[in-house]
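2 protein chains.
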Amino acid sequence: MIRINENFRKLPSSYLFSEIARKVGSYEVSHPDVKVIRMGIGDVTLPLPRAAVEGVIAGAIDELSSDTFHGYGPEQGHDMLRHAIGENDYRRRGINVADDEIFVGDGAKSDIGNFVDIFASDTRVAVTDPVYPVYVDSNVMAGRAGELLADGCWSRIIYLPCTAENGFVPALPSEVPDLIYLCYPNNPTGTVLSRSQLKEWVDYARANGAIIAFDSAYEAFVTDEDVPRSIYEIEGAREVAVEFRSFSKTAGFTGMRLGYTVVPREVMALNSDGTRTPIRDLWLRRQTTKFNGASYVVQCGGAALYTPQGKTQVAGNIAYYRENAEMLLSGLREAGLTVYGGTNSPYIWVKTPDGMSSWQFFDFLLDTCHIVGTPGCGFGPSGEGYLRLTAFNTHENTAEAVSRIRSFLKI
Amino acid sequence: MIRINENFRKLPSSYLFSEIARKVGSYEVSHPDVKVIRMGIGDVTLPLPRAAVEGVIAGAIDELSSDTFHGYGPEQGHDMLRHAIGENDYRRRGINVADDEIFVGDGAKSDIGNFVDIFASDTRVAVTDPVYPVYVDSNVMAGRAGELLADGCWSRIIYLPCTAENGFVPALPSEVPDLIYLCYPNNPTGTVLSRSQLKEWVDYARANGAIIAFDSAYEAFVTDEDVPRSIYEIEGAREVAVEFRSFSKTAGFTGMRLGYTVVPREVMALNSDGTRTPIRDLWLRRQTTKFNGASYVVQCGGAALYTPQGKTQVAGNIAYYRENAEMLLSGLREAGLTVYGGTNSPYIWVKTPDGMSSWQFFDFLLDTCHIVGTPGCGFGPSGEGYLRLTAFNTHENTAEAVSRIRSFLKI
Numbered sequence: 001m002i003r004i005n006e007n008f009r010k011l012p013s014s015y016l017f018s019e020i021a022r023k024v025g026s027y028e029v030s031h032p033d034v035k036v037i038r039m040g041i042g043d044v045t046l047p048l049p050r051a052a053v054e055g056v057i058a059g060a061i062d063e064l065s066s067d068t069f070h071g072y073g074p075e076q077g078h079d080m081l082r083h084a085i086g087e088n089d090y091r092r093r094g095i096n097v098a099d100d101e102i103f104v105g106d107g108a109k110s111d112i113g114n115f116v117d118i119f120a121s122d123t124r125v126a127v128t129d130p131v132y133p134v135y136v137d138s139n140v141m142a143g144r145a146g147e148l149l150a151d152g153c154w155s156r157i158i159y160l161p162c163t164a165e166n167g168f169v170p171a172l173p174s175e176v177p178d179l180i181y182l183c184y185p186n187n188p189t190g191t192v193l194s195r196s197q198l199k200e201w202v203d204y205a206r207a208n209g210a211i212i213a214f215d216s217a218y219e220a221f222v223t224d225e226d227v228p229r230s231i232y233e234i235e236g237a238r239e240v241a242v243e244f245r246s247f248s249k250t251a252g253f254t255g256m257r258l259g260y261t262v263v264p265r266e267v268m269a270l271n272s273d274g275t276r277t278p279i280r281d282l283w284l285r286r287q288t289t290k291f292n293g294a295s296y297v298v299q300c301g302g303a304a305l306y307t308p309q310g311k312t313q314v315a316g317n318i319a320y321y322r323e324n325a326e327m328l329l330s331g332l333r334e335a336g337l338t339v340y341g342g343t344n345s346p347y348i349w350v351k352t353p354d355g356m357s358s359w360q361f362f363d364f365l366l367d368t369c370h371i372v373g374t375p376g377c378g379f380g381p382s383g384e385g386y387l388r389l390t391a392f393n394t395h396e397n398t399a400e401a402v403s404r405i406r407s408f409l410k411i
Numbered sequence: 001m002i003r004i005n006e007n008f009r010k011l012p013s014s015y016l017f018s019e020i021a022r023k024v025g026s027y028e029v030s031h032p033d034v035k036v037i038r039m040g041i042g043d044v045t046l047p048l049p050r051a052a053v054e055g056v057i058a059g060a061i062d063e064l065s066s067d068t069f070h071g072y073g074p075e076q077g078h079d080m081l082r083h084a085i086g087e088n089d090y091r092r093r094g095i096n097v098a099d100d101e102i103f104v105g106d107g108a109k110s111d112i113g114n115f116v117d118i119f120a121s122d123t124r125v126a127v128t129d130p131v132y133p134v135y136v137d138s139n140v141m142a143g144r145a146g147e148l149l150a151d152g153c154w155s156r157i158i159y160l161p162c163t164a165e166n167g168f169v170p171a172l173p174s175e176v177p178d179l180i181y182l183c184y185p186n187n188p189t190g191t192v193l194s195r196s197q198l199k200e201w202v203d204y205a206r207a208n209g210a211i212i213a214f215d216s217a218y219e220a221f222v223t224d225e226d227v228p229r230s231i232y233e234i235e236g237a238r239e240v241a242v243e244f245r246s247f248s249k250t251a252g253f254t255g256m257r258l259g260y261t262v263v264p265r266e267v268m269a270l271n272s273d274g275t276r277t278p279i280r281d282l283w284l285r286r287q288t289t290k291f292n293g294a295s296y297v298v299q300c301g302g303a304a305l306y307t308p309q310g311k312t313q314v315a316g317n318i319a320y321y322r323e324n325a326e327m328l329l330s331g332l333r334e335a336g337l338t339v340y341g342g343t344n345s346p347y348i349w350v351k352t353p354d355g356m357s358s359w360q361f362f363d364f365l366l367d368t369c370h371i372v373g374t375p376g377c378g379f380g381p382s383g384e385g386y387l388r389l390t391a392f393n394t395h396e397n398t399a400e401a402v403s404r405i406r407s408f409l410k411i
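These protein sequences, in sequence, are chains A and B. Heads up: the first sequence at position 313 corresponds to 313 in my numbering, and the numbers run straight through without jumps. Heads up: the second sequence at position 203 corresponds to 203 in my numbering, and the numbers run straight through without jumps.
Rather than coming from a laboratory, the hints here were simulated on the basis of the structure. Keep in mind the model is a prediction, meaning the values are calculated, not measured. Misleading hints may appear alongside valid ones.
In this list, chains with the same sequence are indistinguishable; a pair is considered to hold if it fits within one copy or across any two.
As the list claims (entries may be wrong) - Heads up, simulated SDA-like pairs for lysine to any residue below, C-alpha to C-alpha not over 25 Å straight-line:
hint, residue 1, residue 2
1, LYS311, ILE57
2, LYS23, GLU334
3, LYS10, ASP122
4, LYS10, ALA120
5, LYS351, VAL134
6, LYS311, ILE61
Next up, chain A with everything else stripped away, as it sits in the complex (with noise of 0.2 Å):
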């Protein structure tokens, strides 16, 4: 009989978001006057930018007539949307990336996961903890992870610790990995790099043959100089650097569904005879393989994005969610809580008060303030005794979060 991939098998049930599912449920069925304002998953609730519905619109007009209507296109995404990105998120910075290592995709969960598909199976990864749960369970269906240890670590992936103690800032391993994980800005810690603390991981990347999966799906909150927006503003990083964007959290795409991978011709990888293949060359081979693009008319949107109106309104969203997490962060201090992140991120890491544990931390919050954050421990080990809050919600109700918080415990 046909056996399964043990390897899911291995994975535990989420249970992080189906319990915070039915905590929140259960209490606003006992609770149905109270308004439970939700800072909990990180979805956006500004809409669209209007020059993204009229790309798609646009686009979607282009598909009534024979004469201009589009078929499968590239799967590596369609000239125009890759010149744009080119062009605008690297070249007029002083980066240098080419169009042709641009794979446009369906949003970066997506890219991410499938990434693995690329590299041996014993492929020894490392991440930070806590982490973005995609890099750990991809790594655990492509059998990589080894076992689930007591602590909730898997016996085979390497875990860099960021914590107050350390300055969220992770220490190079003693055990060498093949792949590394950074996102930065953090998911979930909302703190950052600086340029040289990067610089310290791509110099030990090009030191050791590792890769680094950069994620910088929240690089359009960074407003200080000394934090880079993208790995390859860091010398070295185009032969070790593979790096992952996303439309969802700049410009509103959650539902839209488009991101990027770029991947320089520089970063190697090893055969089994000894020579190098470009792994540019399997990701493409991976995408034209199992991926047949993204969207048309999403692509059309996200062309839309760097036309002077859509830059403009992508702006504003931005700045809209930043001044959340300033309401935020300085609410929350003053309520007493010790907070991380929220400068260049739209999390918030807040430490739990009076030693509480992350998830009576989330207790007292939805019971006391009616306010849904993610307890940090669903993120690994290091999160436990962290609460992550996000931005993403209205002005309203991010004032009203941190009004009850102030009036609840203010010390």
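Fit chain B to the known structure of chain A by using the hints.
Chain B in isolation, oriented as in the chain A frame:
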């Protein structure tokens, strides 16, 4: 140093379509005044049904207001679309499929390619020969194909030859496979299985603990009462079959990217401890971990295909391509060629005349008739001696192609 997935290196470079593109490009450069008619790649030519475009536009306008904005949707698709599919494509035809057994995706190619993730790495795979290359290539990447032999076959794949000699009906294999790919109406041969022929395969899978991956991307072209449009018309199929569908060829969604996969609750695979897991749970886990749903606006376009206007427009497109297929069938027969498929299918499978090889006939058609087909050998060893033409061009080009073939080939 990080190492590659060596299975990727086993894949020969995609010779077929690059070689076609090279030959056509070179011919067009040396014959700039000749109008070349492309009937090779299976892309459509009619524009999108108006209902679909209106659906996309309405969906895009939703996204302009906070009150109607959709962020992250369910990874399995929005309920409105899953319900429309379940009602129209299954239950109203008397077929038992529940909405939550339908997984909406960004196209059949992605779903078929990714589906291999959920099974054991040593799964034995059977494919009909000739075959859609994605079934084979995705299993090569997953390390299940063994080695590429001199005859173009993979050592661990079980081939089921389909040729004129067996009426294009695959015989049950002597070696028992775990996973059997069947595509009916067939790509590339355009042939079909009757209800009783498909029943043999369902019974075989039930008797042998195998799963059938049934690709019914071309079901809309079926007219014969005795030809099943869904494998779930066959008794027992809910225990052993997964069905892949696409909006590409029915509604011209090749560039829109929308399809769905049906995974009934009853389909099981074996765990190492002898228990069984519903593969629906595994696919759900795969999709929630590595995919974030098809685009909302595209799903709105898809749902609009199930309105009365949408159904009429889709039926009009299918009728148009059917007329092309009939034109090709009768015209090619009048020219003295032996042809298969073309009824219940948009593909015409042409036996090469005078013992020509697939490539010789391809060259002949290009040089003499200025028509581009796809050499049958590109789909597998049993495709040698055949060439595929598609009915997806315009009436005008199809008529012109038939007229050219008749004047040059008429015996």
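Tested hints:
1. Taking identical chains as interchangeable, the C-alpha atoms of LYS311 and ILE57 lie at most 25 Å apart whether they share a chain (18 Å) or sit on different chains (22 Å).
2. In this assembly of identical chains, LYS23 and GLU334 lie within 25 Å of each other by CA distance neither inside one copy nor across copies; the values are 28 Å within and 71 Å between.
3. For a Cα distance limit of 25 Å, the shortest separation of LYS10 from ASP122 qualifies both inside one copy, at 17 Å, and across copies, at 18 Å.
4. Taking the shortest alpha-carbon separations for LYS10 and ALA120, both the intra-copy value of 20 Å and the inter-copy value of 14 Å come in at or below 25 Å.
5. In this assembly of identical chains, LYS351 and VAL134 lie within 25 Å of each other by CA distance solely inside one copy; the values are 24 Å within and 49 Å between copies.
6. Taking the closest pair of Cα atoms, LYS311 and ILE61 come within 25 Å of each other both inside a single copy (23 Å) and across two copies (20 Å).
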